[in-house]
Amino acid sequence: MNLSSILVTIISRIDGERKIYAGFHLLRGKRSGQTLQDVEYYGLKEFFGILPKLSIERFDEAVKQLVDAGFISTMDDSFVRLTEKGRDIVTEIPSFRFNGWDYRGGETIFFGRLSLMVQTVSHFKAGEKSFMPVQKDRDIQYFVKSLLHNRPIGDPAFAGEIGKELRLCITRSGINDKQKIIITHRLSGFGLTGWTWDQLGDNLKLNPFDVRLLFIEALHMLLAVITKSSDLPLLRKIAESVKVSTYLTDSSVKTKQLFNQGLSLEDIVAARNLKTSTIEDHFVEMSINDSDFPLTDFVSDGDIEAVIEKVKEMGTRRLRLLKSEFEALSYFQLRLILGARTGVVN
Amino acid sequence: MEIHGILKGKFGFDQFRTGQEAVIRDVIAGKDTLAILPTGSGKSLCYQLPAYVLEGTVLIISPLVALMEDQVAIMKKNGEKRVVALNSFLSYSDKNRILGELDRYKFIFISPEMLLQQNVALRLRSINLSLFVVDEAHCISQWGFDFRPDYLRIGELFEGLARPGILALTATADDKVKNDICRYLRLQAPAVHQQSLDRPAISYSIIKVDNGMMKTEWITNRISSTPGPGIIYVASRKRADELSSLLQEEGISVASYHAGKEQEDRAFIQEQFITGEIGWICATNAFGMGIHKNNIRQVIHEHIPHAISSYIQEVGRAGRDGEQSQATMLYSDDDEGRTRFIVQDDIPQEDEIRNYESLLAANIPPDEAADLARISETGRRIIDYYTERMSMEDVISRMKELLREKEMQLQKILRLIRSETCIREEILGFFGEESVEKPKYCCSACGTAEVHWHIGQQPITFDKRMMDWEERLNGLLG
Chain W
1 MNLSSILVTI ISRIDGERKI YAGFHLLRGK RSGQTLQDVE YYGLKEFFGI LPKLSIERFD
61 EAVKQLVDAG FISTMDDSFV RLTEKGRDIV TEIPSFRFNG WDYRGGETIF FGRLSLMVQT
121 VSHFKAGEKS FMPVQKDRDI QYFVKSLLHN RPIGDPAFAG EIGKELRLCI TRSGINDKQK
181 IIITHRLSGF GLTGWTWDQL GDNLKLNPFD VRLLFIEALH MLLAVITKSS DLPLLRKIAE
241 SVKVSTYLTD SSVKTKQLFN QGLSLEDIVA ARNLKTSTIE DHFVEMSIND SDFPLTDFVS
301 DGDIEAVIEK VKEMGTRRLR LLKSEFEALS YFQLRLILGA RTGVVN
Chain D
347 MEIHGILKGK FGFDQFRTGQ EAVIRDVIAG KDTLAILPTG SGKSLCYQLP AYVLEGTVLI
407 ISPLVALMED QVAIMKKNGE KRVVALNSFL SYSDKNRILG ELDRYKFIFI SPEMLLQQNV
467 ALRLRSINLS LFVVDEAHCI SQWGFDFRPD YLRIGELFEG LARPGILALT ATADDKVKND
527 ICRYLRLQAP AVHQQSLDRP AISYSIIKVD NGMMKTEWIT NRISSTPGPG IIYVASRKRA
587 DELSSLLQEE GISVASYHAG KEQEDRAFIQ EQFITGEIGW ICATNAFGMG IHKNNIRQVI
647 HEHIPHAISS YIQEVGRAGR DGEQSQATML YSDDDEGRTR FIVQDDIPQE DEIRNYESLL
707 AANIPPDEAA DLARISETGR RIIDYYTERM SMEDVISRMK ELLREKEMQL QKILRLIRSE
767 TCIREEILGF FGEESVEKPK YCCSACGTAE VHWHIGQQPI TFDKRMMDWE ERLNGLLG
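Going down the list, the sequences are from chains W and D.
For the first sequence, the working numbering assigns the number 1 to the initial residue and increments by one for each residue that follows.
For the second sequence, the working numbering assigns the number 347 to the initial residue and increments by one for each residue that follows.
The shape of chain W in the complex, shown without the other chains (with noise of 0.2 angstroms):
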C-alpha cells in the first residue's frame, strides 16, 4: 500500500468530476461542504482524514507518480481522469479498509492509550514502577491513569489479560502479517523500546511513511473488531469516545448549539447572520446525522407518514415529483423528511 495506490483509487471514483485536490482536501479530511458533500456522492468516507498532516508536496508527489506512470491525466478544465491504464491497475489494487469517516485522527488517541497502559503494566510486571512515558499528551496521560486507578497494574495477570484481549483482537482483525508487526513493534515496555519509522521502514523494505499507512488502517481494523467484541472489555474501555460523535460540518455544529438553546429557525438566521437557505441546508443536515431531530417541530406525523407511503408507491425521491403531491408542504420540510426518515436526499 501507498498514497499513490490510495490516490488511484480515489481518482477512479471522481473520475472526471472533480480536481486533483479534491483528492487532498479528503485525505485531510477537510470539512467544508464541497468535501464533504463528495465524500457521501463520490462513496469515499473511508479515505476521509485518513492523513490529517499531509504535506501538500508529499500529494504533488504521489500525483506526479500517476502522470508519469500513465495511470492518470489532467483535462483541460483541469479535471483529473483516469486512462485506460489506470483503470486496468485500479482493479488490481486489493480493496482497503480504512475508516476515515467514523475516526479521523482518533484511532491514534487510541493507540496513545494503549502504548501507555501497555508500557505502564509492562514496567510494573517488571517490578520497575519509574520509567519515561513516551506518551507526553497529557489527556492521554490523565486517561490512562484513571483507567488504571484501582487495578492491580503489578499483577502479572493483569499484564496477561490485556496481552490475551490484544492477541484475540488482533487475530480477529484480519490486519496483515506485516500490520501486525507494526502495531506490536510500535508498543513499548520493560526492556523492549517502540520502534521509530524509519527502523521499521528499513527492516520491512517499505518506505516509512507506507508503513504509516498500514498502521492507520490497521487501527481502523482492530478498532473495527472493539466496537463488535463483548468479551474485549479493557480494549474497549480504551477506545471510548474515540469515533467522532458528530458528523455535521463545524457550521452546523454552531446552529445546531443555538437551535438547542431554543432558538428557532428565523431566529438563527438573525443571529447568525447568515441566509435562510444556509441555515435549513444545516438542518438538513441534522435531520440526516442525528436520529433524535425533532422532525414533528417542522411538520406533522400526519404529512410524515405520507410522504413516506409516497416514496415507496412513486420508487422516486426526486424532490420536484413529490412536491407536485404535496403543494402544502414546502421543499424545505420535504428535505427534513427525507433526512430524517431515509437518510439521503436528493
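For the record, the hints were derived by calculation from the structure and aren't laboratory data.
Derived DSBU-like pairs (lysine-lysine); straight-line CA-CA distance at most 30 angstroms:
{"id": "1", "chain 1": "W", "residue 1": "K237", "chain 2": "D", "residue 2": "K441"}
{"id": "2", "chain 1": "W", "residue 1": "K129", "chain 2": "D", "residue 2": "K354"}
{"id": "3", "chain 1": "W", "residue 1": "K145", "chain 2": "D", "residue 2": "K452"}
The calculated label-pair distances, taken between Cβ atoms and stated as ranges, are:
{"id": "4", "chain 1": "D", "residue 1": "R811", "chain 2": "W", "residue 2": "V67", "range": "37 to 45 angstroms"}
{"id": "5", "chain 1": "W", "residue 1": "D177", "chain 2": "D", "residue 2": "Q361", "range": "55 to 63 angstroms"}
{"id": "6", "chain 1": "W", "residue 1": "T83", "chain 2": "D", "residue 2": "M635", "range": "49 to 57 angstroms"}
{"id": "7", "chain 1": "D", "residue 1": "R811", "chain 2": "W", "residue 2": "H149", "range": "32 to 40 angstroms"}
{"id": "8", "chain 1": "W", "residue 1": "K19", "chain 2": "D", "residue 2": "D730", "range": "35 to 43 angstroms"}
{"id": "9", "chain 1": "D", "residue 1": "V538", "chain 2": "W", "residue 2": "S245", "range": "55 to 63 angstroms"}
{"id": "10", "chain 1": "W", "residue 1": "V244", "chain 2": "D", "residue 2": "M754", "range": "54 to 62 angstroms"}
Which bits of chain D does chain W cover? Going by a derived footprint, with three or more residues having C-beta under 8 angstroms, they are:
{"id": "11", "stretch": "435 to 441"}
{"id": "12", "stretch": "610 to 619"}
{"id": "13", "stretch": "814 to 823"}
Just so you know, even glycine gets a beta-carbon here, dropped at the ideal spot from N, CA and C.
With chain W's structure known, arrange chain D on it following the hints.
Using the frame of chain W, we list chain D on its own:
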C-alpha cells in the same frame, strides 16, 4: 538537624561531592548564591538538602518542561511526595486545584511563563517560600546560547518583594554570563561558587579535513573501529537523516534525532539510546538536555559549533561515569561561512524588525506579522521583550550588538580551532580558569589525544532484532 545527618538520612550519602557543601551552607544562611557546577556533579542536592533545614516551600524555576517533569519524577521515585510541577501542560482544573493547595508542597517546580501569570504569582506570594532556585540560570543571558527572554522577567518579579534567598544554578558561564545572571536576577552581594569545568576523562581532538565527503568517511571509519555509545552533532536536520542512513548502510547501530521528528519517534530514539538498544545518535543540537546516560564514550562534531559554551555543554555529555572518553571536532574550510550564516539567521535583522513593527502597527496579528516579516519564534520573543522597554531604534541597535556578540563567540571558537596551544587550556581559559593540570590523554594540540584507549573494545553493530508479533506481545505483557 546537622547537614551531614540529613545527607545520610534523606539522601543516603556519607559525604558531599566536591563543591556541594560550601554552596549548601551559603544557601542555608540565606545568602544569594550563584553556583556554577558541571553537569553530573549533583546540582539538585544544593537546593534539596537546604529544603529540609529551612522552613517553608522551595520554588524552582526551570526552563524546560521535559526537564522539569523528569526531575519531579526522580524526586517522587526517591520518596519525596510533596513535589509538584506547574507548567503549561496542566489542564485548567488541575492547575486550579494545585494552586489552591500550594502550601502542601515542599518543592514547587515552575516554568517561567507560568510564574509570570498574575494569579499564579499572587498565589505564590501567599505561601511561605524559603528559597528561590533558578535552574539553568545561563538562560537569562542574551549572550548565552540558550537565551530565554522569559527568564529576563524573573528578576522583575523578585523586585521590591521581601524575598528569601535566591540560588542560581548553571553548568557553564563565562564572566559575561555571570554578570548577566547577577544583574538580571538582582542578586544581592551574591556568594559565587565556581568549580572547575575541566573534565579530565575527556580528551579533545580537532581535525581538519578537506571537505564534507571526507567527514563522512572519517566518521564511518571511526565508528566502525571504535566503541560507542556516542553522539554525532551535525548542523542540520537534513544532514542528521542523511548521515544516519549512510552509517546504517555500514551496519552501524544508529538513529537520527532532531526537532522535526514526531514526538513519539523522538521518545523512542532517546529511550533506545539510554537502554543501549542503539549505539549512536546523529543529532542536531536539539538532542541532549535531560539525557541521563553515564557511559557515552564519544561526542563527535562534524560542524563548527556556534560558541564555546554550547560546545562544552555538548561535549560534557561524554564520560559522566569518569571513564576515558573522546571529543572530536571535524571541520573544513567552508564551515566558517556556513556556521556564520546559521548563527546570523537566528537574529532578527534591521529591515525585518522594521517590517514586523509596521505590520503590527497596521493591526496584523503578531503571529502573522512575524511570519510575513520572516522572523523566527525566538527572534520574535526577543523583539517583543525589548519593544516593551525601549524604542524601535534602540531595539535595532540592541540586535546589532547581539549580532556582534555572536560573531565574537564564533571568532573565539575559530581561534580555538586554529590555535596550536592546548585545547583544554584554551577552553578553560575561556571560562576564566588559569591553571590546568593536563591528564595523560589531553588533546590533539598536545599530541596526546589519538592514543588508542579504545583498542580492544568492540564497536557497536546493529543488533536490534525484529520479532514475530506474538513473541513481541509476550515480551511486553507475558
